[in-house]
Every structure is written in structure tokens, then in C-alpha cells.
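Colleague: Working from the sequences, and respecting the hints, build out all of it.
Protein chains: 2
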Amino acid sequence: MSKSRSKIGQKKTVAPVGPMFKRIALIGIGLIGSSISHAARRAGLAGEIVGAAKTEATRATAIKLGLIAKGYADAREAVRGADLVILCVPVGACGKIAAEIGPHLEPGTILTDVGSVKGAIVRDVGPHVPAGVHFIPGHPIAGTEHSGPEAGFAELYDNRWCILTPLPGADAVHVTRLRTFWEKLGSNVEIMDADHHDLVLGITSHVPHLIAFNIVNTAAHLERVTDSEVIKFSAGGFRDFTRIAASDPTMWRDVFLNNREAVLEMLGRFTEDLIHLQRAIRYGDGDTLFDLFTEARSIRRGIIKAGQDTAAPDFGRPHGAQTEKK
Amino acid sequence: MSKSRSKIGQKKTVAPVGPMFKRIALIGIGLIGSSISHAARRAGLAGEIVGAAKTEATRATAIKLGLIAKGYADAREAVRGADLVILCVPVGACGKIAAEIGPHLEPGTILTDVGSVKGAIVRDVGPHVPAGVHFIPGHPIAGTEHSGPEAGFAELYDNRWCILTPLPGADAVHVTRLRTFWEKLGSNVEIMDADHHDLVLGITSHVPHLIAFNIVNTAAHLERVTDSEVIKFSAGGFRDFTRIAASDPTMWRDVFLNNREAVLEMLGRFTEDLIHLQRAIRYGDGDTLFDLFTEARSIRRGIIKAGQDTAAPDFGRPHGAQTEKK
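Line by line, the protein sequences are chains A and B. According to the numbering used here, numbering within the first sequence proceeds without interruption in unit steps and concludes at 331. According to the numbering used here, numbering within the second sequence proceeds without interruption in unit steps and concludes at 331.
A hint or two may mislead.
A pair counts as met if it fits within one copy or between any two copies, since identical chains are not told apart.
[What the hints assert, rightly or not] Listed next, the in silico SDA-like pairs over lysine to any residue satisfying Cα-Cα at most 25 Å (straight line):
1) K189 with P318
2) K310 with T231
3) K101 with T293
4) K310 with E228
5) K69 with A316
Calculated directly from the structure, the hints in this document are not laboratory data.
Modeller: Here's what the structure looks like:
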């Protein structure tokens, strides 16, 4: 796999032929959209970046932070003259926006998105894409628990994966162009079909989030343990779950409604496996527990070796009184 | 609650009356024991720290790192002359060690432990404690996913909670003495009864660990998603679970075998709540999902406000290519 990454903090000089895209339109300027702007400017990939956001406050913040040159309330205006349009809104909002902007997209434009579900994007956006526009769904596997235009930063995609799910018969030249764009944002790129993406993300992202949301709510509703106790003693492991449970509720509602089949399948397996462990606890079967716990360690080692997490204890969280109180 | 904390990295000068304990014996020198040594030396709490460890390699490492002045293979020798004895071994090993060292403990000595379960410690250790020895079970809510004497550091207990679960009729003077010891190690101290501790930790620590071990194993056994894909795309949320799933398998086996009732109760609630969410996904009930996800965010805010986690995105994990590959 070819990789082309700019150095952190080092602006690439624009090649004599000009930047990759003359005008990038970000539809939605939250964590993901704003980070694309940071990283695209770091690498000099765009002649101009413009954005659409429904609320005036978001547009004003995005302009103030230099994320976009112009902000539009109406996505149709934002896509005029753009040769790369990126939908950076929750999955459930993409179909409606595609219907609006479809007639305004220029031939030769690449239309992509960043949604966590790909089958539903193909289903909802696909029908609105006019001939001559290259629709290539995408999903950067990167993020933090923070939301909004101020949450973005240039390094978000560095050494993370971005999955592209081109439709059968997609134009290879434009797929390669979008791939190169993500590589220049800092990512590694993988190509797979939309259904497989939804299965992979079901287990690596969607089910973990659901479980995190769930245990936080279970803890909040106990009668014999107070919320204050849960918070105080969360360093025993619980707090690790709360980070992803702090993620944007709208985005995650849309993910679960739009990746139903894969999530239900993975959840079924998870619950089956959990009941197996529960049974081992009930009957005092220490060997089964020990073996399963030992096996789980090796996946962690793989993740660190693959550069997808840090080996520092506690994710490198600050320790010591001087840093903890914020 | 009074707090007396030494500054990080600043050795306290020993008060004229001498250190709090003349000889501290650590039985077991892993992450927890070694961190106690670091923090106790930082605060000048011990005339001497000695340790017992079964393996020669652990004793040699502990001496080399300055964690202990003397190392013993036999715990009975380690406790001679000690006025504070701390069991720092997995919960399942404490009863046997207590039976061995009991007859060798000197009157006036405080005997404590660091186990993640307290009811079982009272049950297993209690009967071996001779008259005149002050047995006060304890549990610092702190740790990392790393194990062994080299994993310890002085700041591990800073601003974390330590729970003491003295038995009915415990000598208040000695409970206060142990409380002060933990405060000087950097902790906040809470006192509760053993059964309540086991319930609180069931939800804040034991069930989260079981769920983390479980989802890692579920992911590892899928037929349609490879381990390599799980590892590559783990940044979507999964990797957060793998940290605690990398914790010591022996310690955790013992926790589940010894806190069975509380864990089974909490697990039952967790599964019930999860099936409620699963049903909302199946029937497309977005409002239920949205409301539950929104509620989960507030607990995260409480944890950050209480100083039990960092507000930095991704736990403050390093971002950018220069820091990720190790």
C-alpha cells in the first residue's frame, strides 16, 4: 500500500500544477469536517475550502477559526463550483441533503461522505447523484468524544485508517484521486464493499459504543449504589467506557437505525458469549475465565503493534495531582 | 476530608519523630506493591521497606529498582519486625498467605491488603489474624493495564480513592493511622463496609472488565471479520475496551470467583438494559436511543468534574504519526 504523508506541522508547498482540488465543499462542519479542513490546509490540498452549516453560530465559528473561506446556510450554494463535496453530517441526514444538492453538482465532481454506516449511504444518497458525478462513499476511522467545529485538529487522521466503499463500476481514476486525498490527510486507506464495512464497523465501533452507553445507564439506575459513588470510584475501569458514551447522541442514533442487521447480529453473539462467562462465574469455573482473559490480551498487543493505540499505561492519561483537576 | 499530600517528585524530610512505620512488608511486588513503595518513599513514610515474592527474578528486580531493601521467598520472614504488612497478591492467594504469616505477626501490627474484593478477604484472611494485630482490609481504586514490579510509579494513587473496610469493632486509632498512610500516598480515603464495597466495585470495575474481556473475545471469533480487520479499525471505539482487557488474568479470575453474587446481580441488570436497547434498534425506536445516549453523557461530565478522568480528547492519547508507532 502506497503511503504519502506530509510531516506534522509542515505545510507542503503547492505543486506547480496547483492543489488537488480547486474548491472543497464541506457539508457540515463538526469534529470530522473541521479536522478535514485542518489536515487539508496542512497539506495544501485545496484552492479554497467552503462549508455549509445550518446554524449561524457554527458558520461564524468555522470562519473565525479559518476552517472555511465562506459559509452557507444552504448546501446547494456551497457545492457550486466545488470539485470535491464531502458530506460531514449524521448518516440519517445525508439522503435529504443529497436530494437537495444533486441537481447542483457539476460533472466531474467527486461526492463523498464520512458516515459510520455505508450501506445506508449507498441506499439514501446513490439515487440522487447525477450522471457524471463520481459518488464514492468513505469513512475515516477516527474521532474523539468531542463534537463541533472547535473540536477538530489536523492530526486526527494521522496513521488512522480511512475506508472507501466505491460502488461496482466506479471510475478507478477518481477512486485513486480520493484515496490520495485521504493519504495526504494522514490516513492509510483501505477499499472494501459497503456491506463488509458495515459488518467490520459493527464489531469494532457500533457494538462497543452501544455497550458503553448501556453500562453507563445501568450504573446510573442502581438503587443500592449512588451516582456519586459510581463517579468517585470510576477509575476501577468504568471511566474507560464513559469516554465513548460521551459521543454525539444524534450521530449514534443514526448509526444504529441504519446498521440494524449487522449490529443485531453482533449483539447476539456478544450476549451469547457474555452468558457463557456469566455461567462460568456462577459455577466457579476459574479455568474458563482464565483462558478467555489470557486470550483477550493478545488482541491488545496486536492493536499497539499496528500503531492503533498507545502502549503507555492508561492510554497515557496524566497522573498526579497537578494534572488531574481541570 | 483532610488531605495531606506531598508534592510530586519532592521527597519529604523525615519528621523528627521518625517515619510513620518502622518497617513495611509488601507481600507481593507487582504493579500495586511497587507503586506503594514508590509513593511511600516519596513521602518518607517508612524506615525500611521489605518484600516477599515467590520468584527470584521479581525479588532481584525489586531490589535493583530500590523498591525493597530486602527480598524474601518466604512471606513469614518478610513480616518479622514489620509494623505494617500489606498483602499485594491476587485475592485468591490471600487466605493461604494469611495462614502462613499469622503466627509471625507482632502485636500492634497493622495487616491490610489491596484486593479488589473485600467480603472474600474478610472471610479468608480474618480467621488467621491473631489477637493484638489490627486487620483492616483496603482497596486502592487505581491501576493500569500493566503488571509486575517494573510497572509501578509514585503517582499511581494521586487523587485516586482508596476504600478501607474495617471490621465492626475495629480500633479507630489504627484505622486512622492506615487512613493517613493512604492519604500520604496521594489518595483520598473512604470508609465503608465490605459488602457495600463489593457492590460498588461490581459496577464500577468488575462488570466493566468482564464486558471488555468478552467483547474482545467475541470480536476474535467472528468468521466474517478477520482479527487483522478488528485490529486495523479498532480506533472506532473497540480499542478503548482492549486496555482493561489486557489486565492480569489471574487477578481477574480471582475477582470474579470471589465477588460472584454482586457481579451476577449487576450482569443481570446490564443484560436486561442491553436487550432493551437491542429491541429499540430492532423496531427503529430512535427516540429511546437518543434519550439514553444523551443521559449517558452526563455521567462522563461528572467523572471529569470529580477529577477521576481527563477532559482531553481520547484520554489525551498522542495523535500524529510521530508518536503512535512504538
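Colleague: Run through the hints listed earlier and report the numbers of any the structure violates, in increasing order.
Modeller: As far as the earlier hints go, not one is violated by this structure.
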